[in-house]
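Student: Kindly produce the complete structure, drawing on both the sequences and the hints.
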Amino acid sequence: MSGTLIRTASPVAARAVPRSAWRPRLGVLTRYASPFFLVLLWQAACSTGFLSTRLVASPAQIVATGWSLTRDGSLQTNLAVSLARAGSGLAIAFVAGVGLALISGLSRLGEDIVDAPLQILRTLPALALVPLFILWFGIGETPKIALVALGSSFPIYLNLHKGIRSIDPKLLEMARTLGLSRARTIRDVILPGALPDLLVGLRFAVGISWLMLVVAEQVNADSGIGHMMMDAEDFLRTDIILVGLVIYGLLGLASDQIVRFLETTLLSWRPSHRIARSA
Amino acid sequence: MNAVAPVAQGAVAASRDAAVVVHGLTRRFGDGPAVLDRLDLAIAPGEFVALLGHSGSGKSTLLRTLAGLDPVTEGSVARPREVSVVFQESRLLPWKRVWQNTVLGQDGADRRDRAVAVLEEVGLGHRIDAWPLTLSGGEAQRAALARALVREPAFLMLDEPFAALDALTRLKMQQLVSDLWTRHRCSVLLVTHDVDEALLLADRAVVLERGRIRTDVPIPMDRPRRHADPRFEHLRSVLLESLGVHDG
Chain A
1 MSGTLIRTAS PVAARAVPRS AWRPRLGVLT RYASPFFLVL LWQAACSTGF LSTRLVASPA
61 QIVATGWSLT RDGSLQTNLA VSLARAGSGL AIAFVAGVGL ALISGLSRLG EDIVDAPLQI
121 LRTLPALALV PLFILWFGIG ETPKIALVAL GSSFPIYLNL HKGIRSIDPK LLEMARTLGL
181 SRARTIRDVI LPGALPDLLV GLRFAVGISW LMLVVAEQVN ADSGIGHMMM DAEDFLRTDI
241 ILVGLVIYGL LGLASDQIVR FLETTLLSWR PSHRIARSA
Chain B
1 MNAVAPVAQG AVAASRDAAV VVHGLTRRFG DGPAVLDRLD LAIAPGEFVA LLGHSGSGKS
61 TLLRTLAGLD PVTEGSVARP REVSVVFQES RLLPWKRVWQ NTVLGQDGAD RRDRAVAVLE
121 EVGLGHRIDA WPLTLSGGEA QRAALARALV REPAFLMLDE PFAALDALTR LKMQQLVSDL
181 WTRHRCSVLL VTHDVDEALL LADRAVVLER GRIRTDVPIP MDRPRRHADP RFEHLRSVLL
241 ESLGVHDG
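Heads up: the protein sequence lines correspond to chains A and B, in order. Its first residue numbered 1, the first sequence is counted upward by one per residue in this note's numbering. Its first residue numbered 1, the second sequence is counted upward by one per residue in this note's numbering.
Worth flagging that the hints you see were computed from the coordinates, not collected in a lab. Heads up, a few of these hints could be off.
To be verified - Straight line, CA to CA, 20 Å or less: simulated SDA-like cross-link-like pairs of lysine to any residue:
{"hint": "1", "chain 1": "A", "residue 1": "Lys170", "chain 2": "B", "residue 2": "Gln100"}
{"hint": "2", "chain 1": "A", "residue 1": "Lys162", "chain 2": "A", "residue 2": "Phe204"}
{"hint": "3", "chain 1": "B", "residue 1": "Lys96", "chain 2": "A", "residue 2": "Thr264"}
{"hint": "4", "chain 1": "B", "residue 1": "Lys172", "chain 2": "B", "residue 2": "His193"}
{"hint": "5", "chain 1": "B", "residue 1": "Lys96", "chain 2": "A", "residue 2": "Glu173"}
{"hint": "6", "chain 1": "A", "residue 1": "Lys170", "chain 2": "B", "residue 2": "Gly68"}
{"hint": "7", "chain 1": "A", "residue 1": "Lys170", "chain 2": "A", "residue 2": "Ser181"}
{"hint": "8", "chain 1": "A", "residue 1": "Lys162", "chain 2": "A", "residue 2": "Leu109"}
{"hint": "9", "chain 1": "A", "residue 1": "Lys170", "chain 2": "B", "residue 2": "Glu139"}
{"hint": "10", "chain 1": "B", "residue 1": "Lys96", "chain 2": "A", "residue 2": "Gly179"}
{"hint": "11", "chain 1": "A", "residue 1": "Lys162", "chain 2": "A", "residue 2": "Leu106"}
{"hint": "12", "chain 1": "B", "residue 1": "Lys172", "chain 2": "B", "residue 2": "Gly125"}
{"hint": "13", "chain 1": "B", "residue 1": "Lys96", "chain 2": "A", "residue 2": "Arg270"}
{"hint": "14", "chain 1": "B", "residue 1": "Lys172", "chain 2": "B", "residue 2": "Glu139"}
{"hint": "15", "chain 1": "B", "residue 1": "Lys172", "chain 2": "B", "residue 2": "Glu160"}
{"hint": "16", "chain 1": "B", "residue 1": "Lys96", "chain 2": "A", "residue 2": "Arg184"}
{"hint": "17", "chain 1": "A", "residue 1": "Lys162", "chain 2": "B", "residue 2": "Pro94"}
{"hint": "18", "chain 1": "A", "residue 1": "Lys170", "chain 2": "B", "residue 2": "Leu165"}
Tutor: See the structure below:
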């Protein structure tokens, strides 16, 4: 995008315009040609027996397995369980992260109380808490949701806290000269100003929630995509494992798209978003 | 919150009818020299005062104190309750549309109507629903002026409002401020580096040096003012002289 801007500003703009018009269409083709070729190569290697299906299933096999898992309903059931865990963990993380960031971002005392312990905790790898969580919460849903919630609260807290603290002091001064009350300043100046950072944090949090879920579901779970994959391991079903991987990949992609959509709708005042949409 | 008192209480007897009275105002940061040094200044209702001075002469500190952004530690400041400030940067909230910025913090069902009216007055009627980041520098300052005027201030402070604009836009904005002041007749304190701007707009020019008033001259010319006016030339050299610049 920036390349296009520079080109139109230069004297060769007249030549650049028709080029950029057909370039995206060709770009789509060249962009997906290489992955498509790799999948073909993979299929060929499996079909000729060059790659053992014990190590990795062929793409055709993955599609077939995915279809049969969907037909007998086990994929949907496991997916629903995983989605519910990630969703409830994220919801808890959002409430906790936003709440703590508001406390420490809006008052000095709150920062002293909240920020230091959180900064210490955040250096712990959350996954190292798995054994402790199992001891505390057993092997039901609680430790899994708690792990997702713990891991994804930090990016939300850290980014929103940073966003609140880095509000342009000139805008706060302006709010004072206009006689805005503290509550109004928070509502009209601080929170909207910190929203871009909150969304960045949310994006990280969504990514981390899937990571946490993968680990949580592979330890002591009896349902979910991760459990489905661990189960398949016992029977050397690489096709099912790969179906699980594909699902995780698609989930990551979809949740990223949702956050992107939130960014374009909530931050429509930012000129970069307008350029991106009109281009 | 700080010691800016309403006029009726804080005004000294001699200048009871003034809109703004600064008396013995001293301000220092740490142990350094005084930024404002026992400063006295009175601005009459409806008077347009230009405040000139080098960087560090204390003019910004004075304006911030009058705006209520800096506390009054020594001396007294009395000013009307309804004041507005226009800064060098427009300081519009990028996430609120122009009209919402204009009536920020204002209540009432007619908010939008009032915003539209004042935006039309400053010549921004066509950008009412625009996002601030899409405005040009001149348009953003017009919006900032609208935001200041919608509060119907008795005292308007302008802190180098045109310094970041190009020369042509600046001329238009000066004309606009002159027109608006003629209509609204509020007291104005214009902080500026530009002697010509002061002479075009103000009733009185005050030159600040090391926290004290060095020169305080009336500008008794009829409006609209012309650079070719011999009094303009004379006052220009007086002001430049007291700013330490010797022309020609």
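Student: Each hint should be assessed against the structure and marked as holding or not.
Tutor: Do the hints match the structure? See the list:
no.: 1; hint: A:Lys170 / B:Gln100; in the structure: 18 Å, holds
no.: 2; hint: A:Lys162 / A:Phe204; in the structure: 15 Å, holds
no.: 3; hint: B:Lys96 / A:Thr264; in the structure: 15 Å, holds
no.: 4; hint: B:Lys172 / B:His193; in the structure: 18 Å, holds
no.: 5; hint: B:Lys96 / A:Glu173; in the structure: 17 Å, holds
no.: 6; hint: A:Lys170 / B:Gly68; in the structure: 14 Å, holds
no.: 7; hint: A:Lys170 / A:Ser181; in the structure: 16 Å, holds
no.: 8; hint: A:Lys162 / A:Leu109; in the structure: 16 Å, holds
no.: 9; hint: A:Lys170 / B:Glu139; in the structure: 19 Å, holds
no.: 10; hint: B:Lys96 / A:Gly179; in the structure: 17 Å, holds
no.: 11; hint: A:Lys162 / A:Leu106; in the structure: 11 Å, holds
no.: 12; hint: B:Lys172 / B:Gly125; in the structure: 16 Å, holds
no.: 13; hint: B:Lys96 / A:Arg270; in the structure: 11 Å, holds
no.: 14; hint: B:Lys172 / B:Glu139; in the structure: 11 Å, holds
no.: 15; hint: B:Lys172 / B:Glu160; in the structure: 15 Å, holds
no.: 16; hint: B:Lys96 / A:Arg184; in the structure: 14 Å, holds
no.: 17; hint: A:Lys162 / B:Pro94; in the structure: 19 Å, holds
no.: 18; hint: A:Lys170 / B:Leu165; in the structure: 19 Å, holds
In summary, this structure violates none of the numbered hints.
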